[in-house]
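Respectively, the protein sequence lines represent chains A and B.
Under the numbering used here, residue 309 is the last one in the first sequence; the count climbs by one each step, no gaps.
Under the numbering used here, residue 1274 is the last one in the second sequence; the count climbs by one each step, no gaps.
Note that these hints are calculated values from the structure, not bench results.
Mixed in with the good hints, there may be bad ones.
Said to hold, decoys possible - Take a look, some chain B residues computed to stay more than 10 Å from chain A by CB distance:
| no. | residue |
| --- | --- |
| 1 | C1028 |
| 2 | D1064 |
| 3 | L1071 |
| 4 | F1099 |
| 5 | N1108 |
| 6 | V1159 |
| 7 | Q1212 |
| 8 | Y1273 |
Stated by the list, open to error - Restricting the straight-line Cα-Cα distance to at most 30 Å, the calculated cross-link-like pairs of lysine-lysine (DSS-like) are:
| no. | chain 1 | residue 1 | chain 2 | residue 2 |
| --- | --- | --- | --- | --- |
| 9 | B | K1106 | B | K1184 |
| 10 | B | K1109 | A | K269 |
| 11 | B | K1106 | A | K250 |
| 12 | A | K255 | B | K1106 |
| 13 | A | K248 | A | K269 |
To be verified - Here are the computed distance ranges between Cβ atoms for each label pair:
| no. | chain 1 | residue 1 | chain 2 | residue 2 | range |
| --- | --- | --- | --- | --- | --- |
| 14 | B | V1045 | A | N40 | 46 to 52 Å |
| 15 | B | L1046 | A | E92 | 46 to 52 Å |
| 16 | A | G41 | B | R1270 | 22 to 28 Å |
| 17 | B | F1099 | A | T165 | 26 to 32 Å |
| 18 | A | E92 | B | P1209 | 24 to 30 Å |
Every residue gets a Cβ at the ideal spot worked out from N, C-alpha and C, and that includes glycine.
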Amino acid sequence: MPEVLVRARGLTKRFGTFTAVDGIDFDLYRGEAFGFLGPNGAGKSSTMRMIGCVSPPTEGELTILGADPVRNGPAIRARLGVVPQEDTLDVELTVRENLLVYGRYFGLPRALIRERTAQLLEFVQLSDRGGDKVDALSGGMKRRLTIARSLINEPDILILDEPTTGLDPQARHVVWDRLFRLKQRGVTLILTTHYMDEAEQLCDRLVVMDHARFAAEGTPRELIERYSTREVLELRFDPGVHEQAAEKIKDISAKRTEVLADRILLYVKNGDEALAAVRAHGLEPLTSLVRRSTLEDVFLHLTGRRLED
Amino acid sequence: MAQAMAFPRRGAVPGELALALALRGFRCWLTVYRRTWRSNVFSSVLGPAFYLGAMGFGLGSLVDAHGTASLGGVSYLDFVAPAILAFGAMNTGMGQASFPVFGSIKWNKIYIAAQASPLRPADIFRGHLAFMVMRITMNAAVFLCVMAAFGAVRSAWAVLALPAAVLTGLAFAAPVAAWAVTLKQEMGFIYMFRFGMIPLMLFSGTFFPLSQLPGWLRLAAYATPLWHGVALCRGFSLGTATAGGSLLHVAYLAALAAVGIVIGARTYRRRLYV
């Protein structure tokens, strides 16, 4: 049995009368990548802050690395790495100075910081930018630097709160690639995201979070199998006939239909057969697409909303 | 789980560790300061020199021509220089404890970054406060040298004016930082400088002796912290300090600083650990 690094039971966070996290239970095991998938405001960041020992839980039990985060915050944080949602780099300082300052917070000797800085900058592909001011870096580079900084203390757990939000697709892929390598090296990752592809690529196990609770839990594959079908047929009709088409399509034997503002989704075993059936009903969509189910479909099924709404 | 046993059982962090954590915060500020110290030194040498030149020689020549009995028989330059020292320390303390504290949450997020490290809010506070004390000390020391160069130091006791000025600065920096960290908007600082700092500067026996004020205003002035700072620095600079008076001033300023230090640990915690 792998070691449990984080254990939460009935974990709750309230701000006044607002409940941000409502009694969640989970275990994080050493070496896994555990994801919190959900829309903005679902309670992901509040959960990350509690795990990061910077937000005392209102109720419930939380054990991190075998210790109580409220009593042993400094000792626990010494063994965590945190990549916050918003960059907290000092843009006036150079890339290397940022790592130096941060390493000093952890009480690391200068020589060790220098050694790790060289390795970490190499790892995040910023070796040639070490002497540059952070101000001059692109958004993707800053994110990579933040990741490098979070690794300066060789943490037992790396906490990433929406690591690629706000990055362009290309920069996002570079970050994913680096995180995937960390995962391959056995670093325990805990991350939040509202990008389903990020969750699918990086997470061994994930929870779908909605309205402060867990809506579902499992591996990406399990979740898709449990809550969705093998294939999805996406249809787009002329806005004028969108609703009529949606009415008629209900007769077609799909496991489930979702009528979105701009599209109709049919959850079926075989997408091509379903498309033929739609046409047989005398409906001609403007565009049609047959694709595999994704976590987005799982989320839609569980909450009736899209992830990025 | 073996490592968990090494954690302290209770929440209390041992004293030496708390000091070490605050020191780590302080060192961060040193690194940041290394970027800007040149422009800072420039303004902290030239600023006081301008002030002393204008006040001591310009205004001073007028005042001295009308007799200096109400100044205790010293020249206006000698009278005003230690007050500007105390006022400058207050100014540095308030300045360092206002926008930089606010900005460490809102702008450059130094506090937010530090928060994810072993440092606790109280360590972050004390580390930053230590840096403020360093800045106050540097500026006060430079000013004292400028004073000496202008011949405005009349006693060897003046060396004690340095710690006196530092204490004055701290007595402002600690409470202001404790308050600044709670602000959501920076408007509060504008009011603080306009309605707090400027009246204090004008009515704390800085530019004229309190004996020139009507009785009720004089009583109010005696209660202000800057007056205690001014009186303390002036006593040392002129060599007129008495043990009882100095102790009273030190006690007043130290109490204010202590209150700020205690409250700051709480307000930082409340602001950073939500």
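To see whether the hints hold, each was checked on the structure:
1. C1028: 5 Å, violated
2. D1064: 46 Å, holds
3. L1071: 45 Å, holds
4. F1099: The claim holds: B:F1099 sits with its nearest Cβ about 14 Å from chain A, beyond 10 Å.
5. N1108: At roughly 6 Å from the nearest Cβ of chain A, B:N1108 sits no farther out than 10 Å, so the non-interface label is violated.
6. V1159: 33 Å, holds
7. Q1212: 46 Å, holds
8. Y1273: B:Y1273 is in fact no farther than 10 Å from some Cβ atom of chain A, at 6 Å.
9. B:K1106 - B:K1184: 9 Å, holds
10. B:K1109 - A:K269: Since the Cα atoms of B:K1109 and A:K269 sit roughly 51 Å apart, the hinted pair is violated (cutoff 30 Å).
11. B:K1106 - A:K250: With Cα atoms ~52 Å apart, B:K1106 and A:K250 exceed 30 Å; violated.
12. A:K255 - B:K1106: 50 Å, violated
13. A:K248 - A:K269: 19 Å, holds
14. B:V1045 - A:N40: 46 to 52 Å: 51 Å, holds
15. B:L1046 - A:E92: 46 to 52 Å: 23 Å, violated
16. A:G41 - B:R1270: 22 to 28 Å: 23 Å, holds
17. B:F1099 - A:T165: 26 to 32 Å: About 29 Å separates the Cβ atoms of B:F1099 and A:T165, which means 26 to 32 Å holds.
18. A:E92 - B:P1209: 24 to 30 Å: This hint is violated: roughly 44 Å between Cβ atoms.
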